[in-house]
Amino acid sequence: MKIAVLVKQVPGSESPLSVKPSQEWVDESSIAYIMNESDNYALEEALQIKEANGEGEIVVVSLGPVRIQKVIREALAKGADRAIHIQMETEGAIDPLVTASHFAEALKEENFDLIFTGLQSDDVGMGQTGVILGEMMGMATASLAMATEVGDGKIKVKRELEAGWFQWVSLSLPACLTIQSGLNIPRYPSLKGIMGAKRKEIKVVEPSFSEPKQSLEKLYVPQSDKKTVMIEGTVDQMVEKLIDTFRNDIKVL
Amino acid sequence: MDILVVLEDNNGKIHRMGLESIAAAQAMASGLNLTMGAVVMGANADALANEASAYNIGEIIQVDNGLLASYSSDGYAEAVKQIIEQENPTYVLFGHTYQVRDFAPKISAKLMKPFLVDNVAVSTDGGKAVFTKQMFNAKLFSDITINGEGPYLVSFQSAAFSSEKAEAGSATVRKGSIDLDASMIKTESEAPFQEEAGGIDLSSAELIVSVGRGIGKKENIPLVKELVAALGAELASSRPVVDAGWLSSAHQVGSSGQSVSPKMYLALGISGAIQHVVGMKGSKNIVAINKDPEAPIFEIADYGVVGDVLEIVPKLTEALES
Chain W
-4 MKIAVLVKQV PGSESPLSVK PSQEWVDESS IAYIMNESDN YALEEALQIK
46 EANGEGEIVV VSLGPVRIQK VIREALAKGA DRAIHIQMET EGAIDPLVTA
96 SHFAEALKEE NFDLIFTGLQ SDDVGMGQTG VILGEMMGMA TASLAMATEV
146 GDGKIKVKRE LEAGWFQWVS LSLPACLTIQ SGLNIPRYPS LKGIMGAKRK
196 EIKVVEPSFS EPKQSLEKLY VPQSDKKTVM IEGTVDQMVE KLIDTFRNDI
246 KVL
Chain B
181 MDILVVLEDN NGKIHRMGLE SIAAAQAMAS GLNLTMGAVV MGANADALAN
231 EASAYNIGEI IQVDNGLLAS YSSDGYAEAV KQIIEQENPT YVLFGHTYQV
281 RDFAPKISAK LMKPFLVDNV AVSTDGGKAV FTKQMFNAKL FSDITINGEG
331 PYLVSFQSAA FSSEKAEAGS ATVRKGSIDL DASMIKTESE APFQEEAGGI
381 DLSSAELIVS VGRGIGKKEN IPLVKELVAA LGAELASSRP VVDAGWLSSA
431 HQVGSSGQSV SPKMYLALGI SGAIQHVVGM KGSKNIVAIN KDPEAPIFEI
481 ADYGVVGDVL EIVPKLTEAL ES
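Residue numbers (the numbering used here), protein chains in the order written: chain W, -4 to 248; chain B, 181 to 502.
All clues stand as given, with none of them false.
Derived CB-CB ranges, DEER-like:
1) B:Ser357 - W:Glu196: 49 to 59 angstroms
2) W:Glu105 - B:Glu370: 24 to 34 angstroms
3) B:Asn268 - W:Pro11: 43 to 53 angstroms
4) W:Lys198 - B:Lys397: 32 to 42 angstroms
5) B:Pro402 - W:Glu9: 17 to 27 angstroms
6) B:Arg196 - W:Glu196: 42 to 52 angstroms
7) B:Asn190 - W:Gly191: 48 to 58 angstroms
8) W:Ser219 - B:Glu329: 33 to 43 angstroms
9) W:Glu235 - B:Gly349: 46 to 56 angstroms
10) W:Ser203 - B:Asn268: 23 to 33 angstroms
11) B:Ile380 - W:Ser219: 28 to 38 angstroms
12) W:Ala47 - B:Glu498: 41 to 51 angstroms
13) W:Ser203 - B:Glu329: 20 to 30 angstroms
Quick look at which bits of chain W chain B covers, simulated, 3 or more residues with Cβ under 8 angstroms:
14) 152 to 161
15) 234 to 243
No lab work stands behind these hints: they were computed from the structure. Glycine residues also receive a C-beta, built at the ideal position from the N, C-alpha and C atoms.
Based on the provided sequences and hints, a complete structural model is requested.
Have a look at this one:
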């Protein structure tokens, strides 16, 4: 079983985030980066499939500038066997057709049985790169995977539907899945894993240019049209004002 | 037609977000001076076509095909792709439903045309469409433009347009024809099912205390439960709390959980990601406590407290009990 896992490096949920004066992108110098949340679950699912099978290879694939090797190393430390780094600048890059084309080019000679990606990225959040890639590779696809079962040349996927509904779908291999958060408990890298990761291969490839079909015009902080009453003061004062609000404004006490 | 709306079947009726897409199409058609149409699909899409024909949406293309009896991403993507090729619209509009996220990117790949997803608004100033989408977990907004020739696939976020604004009218219905083969469908689907809800119905609750990732760890959940008891409220949560195993999914509010509209929704340590907000923005009063003043929850909150939930919650409980 040969599995590719696409991971993306994105700003952490608590990272400072400011828009550049040009409004073309965020100021990357101040960002604390992490592995995209659903990609972390996708990696864990791949590792568990390999462990249950007793054999296989997991290749982590990521696209971006040199800084993303931090999350590549993290994935290798958790147990991925090797990596492909599609090296390019990604400031302002949002077109999933371009991103998926680069992945398709880098993966086409590899003959993967499975490709896993996170459901969507926590930065631009286009939520379609995985499905587009699967389609480009001629694979069966399924999104919003909440559980997987591998066997008999197939993968069975529990897909999340809306409002608490689910559905099992069978896909013949090769197949490409986008993974929803919460389907497993992602591991932390072990010390041994961290040491071992340093010796694992990261193949760096450079993509050919592809013209984007959608472009970021500008990025900005949203203007709220809602008036929010801010309750301020010391903790005790805030508690007192909250109770007053519950009682006299919202009238729930 | 210039704008084609793809309407989704939701148990024999048009999905609410399909009606929102009709409202979106009407807004774009009047701003850009374009013609409209819609497509409905199924083994027999009579009921959907009939429902759609009561709107001012130009004409309805009804596609009846046995291979569309139940949803498959391959079948739906191929069917819509063929209709797009026949009708040659400039814009193809969808509601940003879970089903659309599953199959519409395949159309984008087949046609090599862009899919602009999850938009909250569209501007047609100067005869040019500019789409607005949330980015960075709704902390920032982006304006996105399209390059090259259409068709352009576009989806709108839930409630970006109001379904009540969809103008009534009378649309004509005509049968569409597509060429589908069972071998094109690479997946086999079982019947949809619901997991046991755990007996918690939040939809009718008047008071909800909802907890997010900001509570820090499972050991802090009892602090919230004490406040819930003191207020006589129901306990809810955002998805990360369920994913982490701190509460069962029966408590989850949002796109993959329950939708609620209480008199008061007290959000504790919830950042306000859109997946959560769609399930609770109908609340009459939203009170948010979060230590991050930039958290998007404050965009929709009526009352906001920038502070540490772990400090405030126990004192709030104590004050309510006394």
